[in-house]
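Residue numbers (the UniProt record's numbering), protein chains in the order written: chain A, 1 to 461; chain B, 1 to 461; chain C, 1 to 461.
A short, non-exhaustive set of chain C residues, derived as facing chain B with CB atoms under 10 Å:
| id | residue |
| --- | --- |
| 1 | VAL170 |
| 2 | PHE234 |
| 3 | PHE307 |
| 4 | ILE326 |
The hints are simulated quantities; they were obtained by calculation from the structure and are not laboratory data. In this text, a Cβ means the ideal position worked out from N, Cα and C, and glycines have one as well.
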Amino acid sequence: MNKNSSNTMALAPNTSNKRETVCIFGTGDFGRALGHKMIQSGYPVVYGSRSTQISNLIPKDAEVLGHAEAAQKAAIIIIAIQRQHYNFLTPLSEVLRGKVLVDISNNLKLNQYPESNAEHLAQLLPGSKVVKAFNTVSAWALQSGTLDASRQVFVCGDDVEAKQMVMNIVRALGLTPLDKGSLLAAQEIENYPLQLFPMWKFPIFLSLGLTAFFFLYCVVLDIIYTYIYEKKDFSFFIAITIPNRVCPVMALILLALVYLPGIFAAIIQLYRGTKYRRFPDWLDKWMLGRKQLGLIALAFASLHAVFTLVTPLRAFASWRTGKGIISQALNNKTEPLNHTNAWLSDSYLALGILGFFLFVLLGITSLPSVSNNVNWREFRFVQSKLGYLALILCTAHTLVYGGKWFLSPSAYKWYLPNIYILSLIVPCAVLVVKFVLIFPCIDKRLTQIRQGWERNPKFSK
Amino acid sequence: MNKNSSNTMALAPNTSNKRETVCIFGTGDFGRALGHKMIQSGYPVVYGSRSTQISNLIPKDAEVLGHAEAAQKAAIIIIAIQRQHYNFLTPLSEVLRGKVLVDISNNLKLNQYPESNAEHLAQLLPGSKVVKAFNTVSAWALQSGTLDASRQVFVCGDDVEAKQMVMNIVRALGLTPLDKGSLLAAQEIENYPLQLFPMWKFPIFLSLGLTAFFFLYCVVLDIIYTYIYEKKDFSFFIAITIPNRVCPVMALILLALVYLPGIFAAIIQLYRGTKYRRFPDWLDKWMLGRKQLGLIALAFASLHAVFTLVTPLRAFASWRTGKGIISQALNNKTEPLNHTNAWLSDSYLALGILGFFLFVLLGITSLPSVSNNVNWREFRFVQSKLGYLALILCTAHTLVYGGKWFLSPSAYKWYLPNIYILSLIVPCAVLVVKFVLIFPCIDKRLTQIRQGWERNPKFSK
Amino acid sequence: MNKNSSNTMALAPNTSNKRETVCIFGTGDFGRALGHKMIQSGYPVVYGSRSTQISNLIPKDAEVLGHAEAAQKAAIIIIAIQRQHYNFLTPLSEVLRGKVLVDISNNLKLNQYPESNAEHLAQLLPGSKVVKAFNTVSAWALQSGTLDASRQVFVCGDDVEAKQMVMNIVRALGLTPLDKGSLLAAQEIENYPLQLFPMWKFPIFLSLGLTAFFFLYCVVLDIIYTYIYEKKDFSFFIAITIPNRVCPVMALILLALVYLPGIFAAIIQLYRGTKYRRFPDWLDKWMLGRKQLGLIALAFASLHAVFTLVTPLRAFASWRTGKGIISQALNNKTEPLNHTNAWLSDSYLALGILGFFLFVLLGITSLPSVSNNVNWREFRFVQSKLGYLALILCTAHTLVYGGKWFLSPSAYKWYLPNIYILSLIVPCAVLVVKFVLIFPCIDKRLTQIRQGWERNPKFSK
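Generate the whole structure from the sequences, applying the supplied hints.
As structure tokens, then:
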């Protein structure tokens, strides 16, 4: 024992030593951080170490003993050593018999070993009760007390009482235990902290790719074409005009891509006449990524909304407005209100606002705390009914806005279609097929297939 | 056993057969879906069925036996048959003695039977431990793996250990069990998946009714009146101008309706001199629907904000601006800045922005995950103090904006008051009565009544 | 027993009396409210009271007995009396032996007594099983059924079975129990309902102070200076123009203050060469308040966004636009598009939009339900990487917008720098130092220190 780090971590609320002693094997970074925190929370801590003189970083209120002596002092032993060194525990199997061993280890990559570290430990020491916990907490966060992120600690283990004891410690440290069931869940728990938005990767790369394509497409048609043929420099379009063309196009396409896999699934089921054969892998993955696609679409739609609202503040916009008014004034006449234009501009704005409103509603419903308070019927009502309504409104918004361009020859610079025409292909296809699918005769057949009990059994042979 | 569906659902992670065998009675849609999912998660599954040859849809790794033999192989039996057929289980009562029976059934309508299906099952088989679970999960979702919605599985039962066993299975299937207590909760759990936003129905119908009324009111005064008396066609007002009149009016009225029941409650308590008599039913229901009313009001307020911000983009708006500027230009003079107008326009915009800001803050606080992290004192501070501040700001916003119209005779077309005057009745009434209620003498009496111990006992006779 | 309040609270769903009897000591406000609610939920309730004739407010279906007789009728006794009167329970210790005592008391101020009320009760009656619960629920909410706020009931206690029994009652009342571990958590649970946003106090006062300062600074420079030297009355700037100067300045400074403590921490660690000494207290507190600072910054940024978007609707803005156009029209010429201006205006708008977008993303990630679904690696990616990107974008937005003023002499009215110059000091300092800290040589050293095991042990003596 030492007094070097005496003035560090003295927050201990001096709780009348009711807590049971906890033993920590290993004096590494995480072992020390956990020990500090436990002492602060009123637990007597004893470290098990090869050398009892080794370290001046161990909290001063902790005892340091040999592994065997330390283990005998506590019912719970935290194994703060790396998996490679688990073998050295086998000679201690007698001392550890009946004790609760807490495996807190993490791996360096996903599925590094065939079985999880905790299961490996349980196999080495079959007489002990292994509980997996604490691996999702960072030592740095424990140390500094700045647990901004999740305070959840996943706990799993085969022995219910052992798990309860560990969960009580977790709570005492100010964290929230989450029971994940038996030790079989350890693999998943060990993989968890290694992930970096695994569900988001494909949707984000897809969006980035499409965005880059449409951005270049617009640069070519709006800036380079204009520069070559009209000798006008509109390079500043890169900042707002072009993003505000790409964003709505991306939002509409991604929103349609959310509903496209459902269409494919329905067609496959109708064709096969059964729901009991698995969908192709790509369709499964696509369906699992719909929420992410939808949220990215919402992000693009929000950017589009703000880029549009900002228009009147642009120097270009006020210059253009001024030019129009001055030319009227110089011609000494006021043009009357064009009622068709007024109808068109108000309609596409209103359609866009309502579509965006429903879209935001869908986004709010997908917040975890909201969707947990909603049952299946309600969730499907919102995501399916309101979702299709949003898609219809957004498609109509684009049609009304871009309609005049589709027929005008100036929309086909270099024989390339306008970006708005491109953006309408997927959503229109989805809406048309969906319209066919809800025809009573087809819908009835599909409902039968999905209810499973009235299907055509020929196909499943 | 059969191999027909061999290539379907082969995701099983080949977990070293540690899981205990689970028996499923019934080979219907949900029974099969659950069996597939359990086999994928490493559970040996045995089906109990009348005919062991019946089905080629049963997962190939599952055994199919008669009911009694199947039941003997497992400690947990999932009853995937409909309530009407529960009676056939009574002859098996000896085999099922001491087993955990999981009732997964649902009804077709709310409170279909006097007692819940699970309680009915427990009465039929008093020797078994009945646990209610899985009824909130859809077979389609289990099958396709696309559990976008809630992963929560409500579990209830009188035997704690049986419940723990079922909750472990729930966790192993990648779902989140939520302990709802004893079997008495089964009725509520069975009703849950049948609901479609029960709390939202009245507020939504009320809003739709009021919206329709105000919309027609505006159409009559703004379009028909103008068309008849001024021969001007403003039919395009339907798209944006009129919605942007109806939305703020609805938002203000609904926000006031959130605070009106509290005013009524206070008056009733003051009049009765006690808090120990129940409020009338309509007031109780109204108070329970305040959150929904408030959120719908927020939706209207958001639409109003976007409709307003979009104004400069309208063809009508730029035509009107241009007309004004050109007429000045043709008259060869620049009008000086009208300071009163500048003050008025900036004030109502600022009041509206601040009111909307507080309103959004209230909305965020009502998100389940946020309100769970807030104690009573904090919740009341936000919802009551900040809520009234939002109401005051929004009322002031409307007063400053519409003030000039109230006195002008042109506001009373066909002797009907302007819509803004109508919208101010409820909020002003709420604010005036609230102002009276916070007078110290009245407030003190009310506080005494609500603290309960210093009330006037005469009335409760 | 009495029948006076017979028609009050008759919602009881007539559940077939399966529930175990619950005893309530004390007929005060909360005791009565809880009793009503329990009877509604199907629990037989017996009150223990000094006088069995005392009250006509007790629910009619409840029995009222002396304390000892009442306690004998139930396994669970709810102690609805104040801590000062706990002593009178000691004579009953024999009757209460083995019973579950539920402590529901609250204190009037934080840490009023050295030990929590529940621990005090457990010391007085060592033979009973004390469970802390229900103290976070308000009697008024129980009575009126309007549980808008949190339905969470914190439960703690040393006996697991006793805790389970209490949690079942909590669930039966329609509330959500949250196990907080052993009785040591009682202090925290008793302090919880007394708090009013403790983490928000300092950030809010800091923001209010800074806002007041910048507001006055702008009033002096923009209104008073202009009035004195240019004889122009711009007092209406108070409503929108000045708030829209103060809000972005506050947002930028507060966002920088979120990242400043991390910079300080890195410097301190580099200087000390260890992470094992505690940071100074002010830095610890600052780090714990970063989330709140960031959310307030987001609020200011949102207000700035709306104030900016509203600009074209202001009477002042349309007057200024008109003046500019008319002066061009009267001079009979149209000014060509100024490409530099178009680039500048579009750039700062685009930078601001993207910065704000990332800022909102950070805000959404800090919602409890979202951050609980995110692991440490993901949380740090969002809050650190995306956060710095937002800071860079917002700083660039301000630089591009305000850049022209920094060099112009008119920016230094009364020798005071323009508010935009002031606002850039902290963010630029943060970004410059951060840029130095990510130099490979320094970053490597810092990473070593934070991983703990490769540090320089000289310093920790």
